[in-house]
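Enquirer: One letter stands for each residue in the lines below.
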Amino acid sequence: MYQNRSHSNSILQKVRYFSLSLALCLIQIALLAQENILDKKISIQCSDISIDSALDSISKVSNCFFTYNSDLFKHKENISLSSENESIHGILRKIIPDSTLSFHAADRHIVIVPVNYKKEQRVTEKLIPYISYKKIKGVIFDEFKKNTLPYASVGIRGKHVGTITNQDGEFSLTISSKNIKDTLVFSYVGFKNHELPVADISDKTIQISLKENFISLQEVIIRNNDPVSIIKASVGNISKNYPQKPTNLTSFYRESVLKNKKYMIYTESVLDIYKNSYKKNDLVDRVKVFKSRKIYDVSRLDTISFRLKGGIQGCLHLDIIKKLPEFLDAEFMGFYQYHLIDISTFNNQSVYVIEFEPKPNLNIPLLKGKLYIETNNLAIIRAEFGYERHRLNELKNRFIIKGSNKTKVKPQIVNYIVSYRNINGKYYLNHTLGNLKFKVKNKKRLFSNTFSTSFEMATTNTKTENVIKYKSRETIHPAAIFSNYRNAYDINFWGDKNYIHPEESIQDALKRINNSMQQIALGSSENE
Amino acid sequence: MTFKEMQLKDVAKVIERTYQVSIKFENDSIAMNSINTAYDNDPLNRVLDNICLSYNLTYEKNGSQIVIKSRN
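If you read the sequences in order, they're chains X and Y.
Under this note's numbering, think of the first position of the first sequence as 1, with each following residue one higher.
Under this note's numbering, think of the first position of the second sequence as 1, with each following residue one higher.
Treat the hints loosely; a few may be bogus.
30 angstroms max Cα-Cα, derived BS3-like pairs, lysine-lysine [stated by the list, open to error]:
(1) Y:Lys24 x Y:Lys69
(2) X:Lys211 x Y:Lys4
(3) Y:Lys4 x X:Lys76
(4) X:Lys76 x X:Lys211
(5) X:Lys74 x Y:Lys24
(6) X:Lys232 x Y:Lys9
(7) X:Lys280 x Y:Lys9
Hints listed in this document are in silico derivations from the structure and should not be mistaken for laboratory results.
This is chain X alone, in the form it adopts within the complex:
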């Protein structure tokens, strides 16, 4: 009896246990089904539609909801899709192959997440025991490899590391192993961004071709097409778009003086800059020379009897957001004519291209040029400007100091470029460039000589935390004219590879060093 009961009890227990575990299983299955909407299999057909509408269709078929940055797919090409009983995740990967985007599921919701920002990655970052560096070189072309793209921007997305291409579209960049999970982004005005995960770069030399970005005007909602009010609004937005705290920039600076198209002086240097915030004040930025070298052709040096203005101060003055030039200053805007000439793109954002020129018959020569302003947040991202050639002579004293009365100087070209780079929503000084060309005639000689100087500065690293304000004795005065500023020649400047024998003729030396704006990896990208 007892035995029997116990037996039946145990059976009962077993049954109970079984049904319990069955229930558990069912719950688990239900949970799984609920958790992985991405694994749900659906069938979907569509042809020649935008990624946005494709996502809409998936959402309708599978009864799920998408959340994502609506700018992500704005300028992407249309797609076609044909899937029989395929998982949503598989379908999404087909239409969004960009490996920097991942899909996060939570019950019926799918969020498209930029992968860089995933928390797990920070952990693996810390597991890397030491930091190594990878040096890459490359050339940026247009789609058909016809032209190289000068001054294109090269940078690690969301990180304060980057550079620009030189006049021949070439660049080199040193990437720390800390950035191995990041993505290198190449941008150029009017072209689509090209993205390349750092981990995928196996060659030391890479060729990038960017596709032109033709956007139809219907795609851009022009809320405002009065250029003057666009500019006024973007000046009003400066405090939102540009850093309000001082930053430390590491910049590559180079300056050359050419006489009749031959290099006379060539200076390269890495600068540490204490950059004041973009708040309204007049504090001078502080510049410290980290490393520098100068190559000059002794046979030509004696012929220079004047000094050209430019240099580091010139570069810092080109930071038009810091020191608003007349064409951005409401007080002087009446002297200019502004035209909205185009809507282009940069860094996958649409930008207004505004042309400005001084009104005719003004007493003083004023700058003319182009401004590039993002349509979305009205950040000024780029400006190209210069003086009209026929007015240049009135300005020669601005560009030349220490002139000799034996010579007559006539400016030919004065052009400037400045650009800013968006890092996590703030715009930092990226690149400034000045090109000046003069005709110089010695009164005793028959022929005139052409001198040109170009000075440029590219930011290679930006530090926004623990910013150091350099002591004034460490710094050089920004007004120092670099061409006359003597630094000891450092043969180990760029390491073994770029060793340059001082005896080599300047042209040969320049061929070797001119291959790009080089970057020295200083510290690392501290700011994530």
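We have chain X; now place chain Y onto it with these hints.
Expert: Here is chain Y on its own, set in the frame of chain X:
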């Protein structure tokens, strides 16, 4: 509710009315990001989680006061 190419500040206005909360953004550049998203009687946390995930943001909730800020 479905939002198409709406700036976060405008989405926030709808959320404020729907869930009786007040939403602030750490800075205007966050508020000007635009988003596609949709909900169907979802809890407030789900809405905020999704928006924040898609833009690398985070939020702090203090009673009915919500502040959305960048994740740094």
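Enquirer: Does lysine 232 of chain X pair with lysine 9 of chain Y here, judged by a C-alpha cut-off of 30 angstroms?
Expert: Answer holds: lysine 232 of chain X to lysine 9 of chain Y is near 22 angstroms, not above 30 angstroms.
Enquirer: Given the hint that lysine 24 of chain Y pairs with lysine 69 of chain Y, does the C-alpha gap stay at or below 30 angstroms?
Expert: The hint holds at about 9 angstroms.
Enquirer: Check the hint pairing lysine 211 of chain X with lysine 4 of chain Y against an upper bound of 30 angstroms on the C-alpha distance.
Expert: holds (27 angstroms)
Enquirer: Given the hint that lysine 280 of chain X pairs with lysine 9 of chain Y, does the C-alpha gap stay at or below 30 angstroms?
Expert: holds (27 angstroms)
Enquirer: Holds or violated: are the alpha carbons of lysine 4 of chain Y and lysine 76 of chain X at most 30 angstroms from each other?
Expert: Holds - the C-alpha atoms of lysine 76 of chain X and lysine 4 of chain Y are around 17 angstroms apart, at most 30 angstroms.
Enquirer: Just to be careful, I want the Cα atoms of lysine 74 of chain X and lysine 24 of chain Y compared with a cutoff of 30 angstroms; is the pair within it?
Expert: holds (27 angstroms)
Enquirer: Taken at face value, is the distance from the CA of lysine 211 of chain X to the CA of lysine 76 of chain X at most 30 angstroms?
Expert: Holds. Lysine 76 of chain X to lysine 211 of chain X sits at ~11 angstroms (cutoff 30 angstroms).
In the structure shown, no violation is registered for any of the earlier numbered hints.
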